[in-house]
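Colleague: Here are the chains, one letter per residue:
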Amino acid sequence: MSLNRADVTAAMETALNKVLDRPVTGLSGQTRLFDDLHLDSTTMLEMLMELEDSLGLEVDPEELEADDFETVDTFTDFALAQLETRNAA
Amino acid sequence: MPQHPTLHSLLDETAAAHQDRCAMSTASDSITYKNLAQASRHAAHLLRAHGVQRGDRVVISSPDAITVAVAVHAASRAGAMFSVLHEDVRDSPLQHVLQDCEPAVIVTDDPGVSATAQAHDVQVLTSQELRHAPAPREGSHLPNPPLGVDGACLIYTSGTTSLPKAVVSTHQQVLFAAQAIQDCLAYRADDIVYSPLPLSFDYGLYQMFLTFLAGAQLRVGHVAEVGPPLLRALQDSKATVLAAVPSVSDRLAWLVRRAKNKPALRLLTNTGAALSEKTIADLREAIPTLRVQLMYGLTECKRATIMPPDGDLQRPGSSGKALPGTEVFTIDDDGKRLPAGEVGQFVVRGSHVMAGYWRRPEMTAERFHRRDGLFPELRTGDYGWMDDEGYLYFSGRRDDLYKERGFRVSATEVEAAARRVEGVDSAAVLPPGPKTGHTAVLAVVTELDGPEVLARMQGLIEDYKIPRRCVPVPHLPTNHNGKVDRQALTNLIHDPAHA
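Protein sequences, first through last, are from chains A and B. Okay, so the first sequence: first residue is 1 according to full-length UniProt numbering, each after it adds one. Okay, so the second sequence: first residue is 1 according to full-length UniProt numbering, each after it adds one.
FYI, nobody ran anything at the bench for these hints, they're computed from the structure. Treat the numbers as computed from the prediction; the structure is a model and nothing was measured. Careful, some of the hints might be misleading.
[Said to hold, decoys possible] Straight-line C-alpha distance at most 30 angstroms; calculated DSBU-like pairs for lysine-lysine: (1) A/18 x B/483; (2) B/336 x B/465; (3) A/18 x B/336.
[What the hints assert, rightly or not] Ranges between beta-carbon positions, derived for each pair: (4) A/36 x B/92: 34 to 40 angstroms; (5) B/189 x A/53: 44 to 50 angstroms; (6) B/340 x A/53: 46 to 52 angstroms; (7) A/10 x B/359: 52 to 58 angstroms; (8) B/30 x A/53: 37 to 43 angstroms.
Beta carbons are placed, not taken as given, at the ideal position from N, Cα and C, and that holds for glycine.
All chains should be modelled from the sequences, with the hints used to inform the complete structure.
Modeller: Have a look at this one:
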């Protein structure tokens, strides 16, 4: 099964609902994770852990860069690239 | 005469010894000791040109650690007291600070902060103006430099009931505290000290002074890199020391467990709250070179006690011994000194006890008590006991203590017991109050259900200390200091989903 951007966004919304304990809907590609959604370094990691479960993402902690966590778009790029590497392996 | 009478003389001496060594770096920038000393010298003349006189205040609101370092040392040279604010201090909290300390100048690039400052007739300098201030005329010296007994900084701390108040420290007090901490931690000249907290926290600010005492390099983390990218940031920066708080260590433990290459850390320090034993054990297992030093303190004296390296293995639950040349003991409610082993309020004495609260004489007299009307001793408001050998055991803040079923209970102690339950990741107690139905509520992050957690706590602490209600929650909301936000937690557990 290959996931597209919409799948990742939907999974992010579900994960953020849980992590932030408030409804998060209508994410756009430009939505900024720190400034707009007010994620902090703790909730950012919690979101990642949720997505590991829901998307089957398996991140390598040494590959994680600050730039990937800037916006919904940059994070989606990162998640899709990780999933692709994993499927290819 | 102390070795470094003022903050800027510490920088100047380190700069003389280590000219071109990197003093400080961020993800995108760095500065050498020589350049930092020079930039702050030029910036001091700029501050004086903007009317900043000895004894005035300079507020600094910048996310850029190097700008903060230049501004701090410029203020010191000009004899002004600096106060570093978190960038999130804006609007009415910022207005409170501006009205409270009436700064002559604020250093900021933030349009909102600038607008608030200008509305209060405070002059604004940008980070560019400050960092690239013109060189003064050859041979011109700033007249009227500060003494070691002059105020050096104001650190705003939030109270539980009142508006934030500033702890005032003199140069000597800051330098005594920093030197005593360095005597315990022994940072080395070849260390790269990673601070995940910005310099607006006193823990971050003191990392700068500790680093300068050692002639080492301070790497200040940005909020975006201390979450999931933390491991990568530690590796890329080649950090050898991590000045952590519990939430940072918990994240690092999760990250290193699944990483192939481990960071080359030799020392991890902890303050802010108790670090879970599980996190320490996980980190030790993953990073064999790592030694851990637990600490306890409060802004009013910066640091009260520090554990020897890995001292927690011999004395679990202790936060270490008083800093060299200082003492910590407990007193009862009448102020009488208690013997070892008895629970009371911690009192700290030594040259690191700060001057007091800015323009708060009553609060200062209460907290910075003077025995026999003369000799300062800090009444911390924290409770616990000292053992025969002078090791401190923290049991709770005064506002962490509550009464239930007639017993005095420490929320900190209950939380520690809950965290020892297998399967519990973190825990926080909401003391009894109108919003909790007048019974204590234990909130836990766990896969278990509430009653099971309570059942497994039996034997870990006295039965009467175990709360009657336990609510699993997805996470514990935290504030900027990484401490549990009890207000947000109260709202969270009253969410209908958890009722």
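Colleague: With reference to the structure, classify each hint as holding or not holding.
Modeller: Evaluated hints:
1. Between residue 18 of chain A and residue 483 of chain B, the direct Cα distance comes to roughly 20 angstroms. Compliance with the 30 angstroms bound is thereby established for this hinted pair.
2. Proposed proximity of residue 336 of chain B and residue 465 of chain B is supported: the alpha carbons are some 27 angstroms apart, at most 30 angstroms.
3. Distance restraint check for residue 18 of chain A and residue 336 of chain B: the Cα-Cα separation of roughly 50 angstroms exceeds the 30 angstroms cut-off, and the hinted pair is therefore not satisfied.
4. Roughly 22 angstroms separates the CB atoms of residue 36 of chain A and residue 92 of chain B, a value that falls outside the hinted 34 to 40 angstroms.
5. Range check, residue 189 of chain B to residue 53 of chain A: about 45 angstroms between beta-carbon atoms, so the 44 to 50 angstroms window is met.
6. Between residue 340 of chain B and residue 53 of chain A the beta carbons are some 49 angstroms apart, a value that agrees with the proposed interval 46 to 52 angstroms.
7. Separation of residue 10 of chain A from residue 359 of chain B is about 54 angstroms and conforms to the stated range, judged on CB atoms against 52 to 58 angstroms.
8. Separated by about 39 angstroms at the C-beta atoms, residue 30 of chain B and residue 53 of chain A satisfy the suggested range of 37 to 43 angstroms.
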